[in-house]
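Student: Sequence:
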Amino acid sequence: MQPLYHVLILTPTNFSAAMPTSTSVLDWVLSSNGRVASDHGGCALSLLPADDDVVLVLPPRLVSWHRVALPKVASARVRAALDGMLEDRLLDDPAELHLALEPGSRPGQTLWVAACNKAWLQAWLQTLEAAGRPATRIVPALWPTSAVGSEHGETVHWAHDEGNRVWLSTASPLGVRSIPLRENGSSTYGATSRLGADSSFGPASTFGDSSFGSLGSSTGRGPEYTLTAASDPATTSWFADPSITGLAEQVCNQRFDLMPTADWLLRCAQSDWNLAQFDLRLSSGARRTQRMRQGWRHFASAAPWKPARWALVALVLTVLGGVNAMAWKERSALQAKQQAIRQTLQSTFPEVGLVLDAPVQMQRELTRLQQASGTLSAQDLEGMLAFIAATEPGASLSSIDFLSGEARLGIGGLPDDRLLALQQAMASRGWQVSSDSGMLNVQAKAP
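Its first residue numbered 1, the sequence shown is counted upward by one per residue in our numbering.
The set of hints was computed from the structure by calculation and includes no laboratory data. Hints may contain errors.
Restraint-style ranges between C-beta atoms, simulated for each label pair [said to hold, decoys possible]:
#  : residue 1 : residue 2 : range
1  : ARG165    : ASP232    : 28 to 38 Å
2  : THR235    : LEU280    : 32 to 42 Å
3  : GLN250    : LEU47     : 34 to 44 Å
4  : PHE402    : GLN424    : 19 to 29 Å
5  : GLU365    : ALA327    : 32 to 42 Å
6  : GLU330    : SER428    : 46 to 56 Å
7  : GLY41     : VAL316    : 32 to 42 Å
8  : THR318    : MET85     : 51 to 61 Å
9  : LEU47     : PHE278    : 27 to 37 Å
10 : THR235    : ALA303    : 14 to 24 Å
11 : PHE402    : LEU356    : 44 to 54 Å
12 : VAL355    : GLU330    : 17 to 27 Å
13 : SER332    : ILE400    : 47 to 57 Å
14 : ALA303    : LEU280    : 29 to 39 Å
Please read these numbers as outputs of a predicted model, since none were measured by experiment. Just so you know, even glycine gets a beta-carbon here, dropped at the ideal spot from N, CA and C.
The task is simple: from the sequences and hints, build the whole structure.
Tutor: Below is the structure:
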């Protein structure tokens, strides 16, 4: 069975921070449920596969994270309040940045705020729109792992290729941070990386305290930095793109689980984040459609809903089974009645060999018997005239035209209401009656 819809998750190839063009190349993954990839690859915008939903994943170093205590203000003033609170923390003018609140947050709470370059984001949204692939959702590649009102969460390390360099990005309850990994076994972990250090994007990535251990050196070959995990192994995950796993394990002295780009994009799309807020917010109709699709996708694939899905399948099968049983019972009863009518016809009129339409054939045989015995029937003119005389004794006939069971009678001496009453009385006895300029057309139903 073909899936009802697809979700297309995409990001600039190698998480590039370059401004988009019509020939820009993207990494993408296609999924029918948002959890399992049905196809993936990399291509230009014009060659992207067909889709229903498009999710744009932002490169990790293009998003900075800021922890703020948002005051209780009206929804229309939230953005202005954020600008005032973050003005001293940002390297760029807040008006040049796009801001978004974490899922489930509201004024009066301490929450995470994502910031990214508005011009870059709007350029990509416009480019996707022009290519016929408008984004219905915007998500970050990494996000702080603490939820609203909590300071606890897992720590996720991810080694990946970004901008033709190998980076180790870390997300924890303290924020998100990216550091470059070098092939000589060293890392510049000691310096806070700037957002888009190889480009003009200004906001600094914030992380706070490090989840790595000490930075040390070994003798014999010059400075060498060794990264060791200091966080709880039970809540810490290490992932790396298969092409750079060896380098990441050498530098960090830590085993990494393989995580291809396609699987990482799926992971991003499964988060609750949506950066399409404030001036980039979708219309209410688009949000409603998006929620319905996300709800259906969650119901169709999420493990907690598996018993409900099986229950729904059982209910549908039960209903279908019941409907089929009732249909079979009704069909059997109808066939039994039809067989009884056929048997009645053949027992009453043995000369009928082939039964095609038992009621019609029985009427025809009955008409033949009436004609053979001289008995009047509804097909005879005498029967029509007798009924008219009995129903309207004052009616006078000026003309009679009869042929093959159809009579055209000129009736006089009756007002319109009495003529209409006569037509209704004859129709109730099975004749088809109509009037035309004082003429009454009467036809018996065909046997």
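Student: Next step is simple, just say for each hint if it's right about the structure.
Tutor: To see whether the hints hold, each was checked on the structure:
Distance hint for ARG165 and ASP232: a CB-CB separation of about 29 Å, consistent with the stated range 28 to 38 Å. For the pair THR235 and LEU280, the supplied restraint of 32 to 42 Å holds, since their beta-carbon distance comes to about 33 Å. Between GLN250 and LEU47 the beta carbons are some 36 Å apart, a value that agrees with the proposed interval 34 to 44 Å. A C-beta distance of roughly 22 Å is found between PHE402 and GLN424, which places it inside the suggested range of 19 to 29 Å.
In this structure the supplied range 32 to 42 Å holds for GLU365 paired with ALA327, their Cβ-Cβ distance being about 33 Å. A hinted range of 46 to 56 Å for the beta carbons of GLU330 and SER428 is inconsistent with their spacing of about 31 Å. At about 36 Å, the beta-carbon gap between GLY41 and VAL316 stays in the expected band of 32 to 42 Å. Look at THR318 against MET85: about 57 Å separates their beta carbons, and that is inside 51 to 61 Å.
Separation of LEU47 from PHE278 is about 32 Å and conforms to the stated range, judged on CB atoms against 27 to 37 Å. Checked against the hint of 14 to 24 Å, the C-beta distance between THR235 and ALA303 comes to roughly 20 Å, which is consistent with it. In this structure the hint that PHE402 and LEU356 lie 44 to 54 Å apart at CB is violated, the actual value being about 29 Å. Remark: the range hint 17 to 27 Å for VAL355 to GLU330 is upheld by a beta-carbon distance near 22 Å.
Restraint check, SER332 to ILE400: a C-beta distance of roughly 51 Å satisfies the suggested window 47 to 57 Å. In this structure the hint that ALA303 and LEU280 lie 29 to 39 Å apart at CB holds, the actual value being about 32 Å.
In this structure, the hints that do not hold are numbers 6, 11, in rising order.
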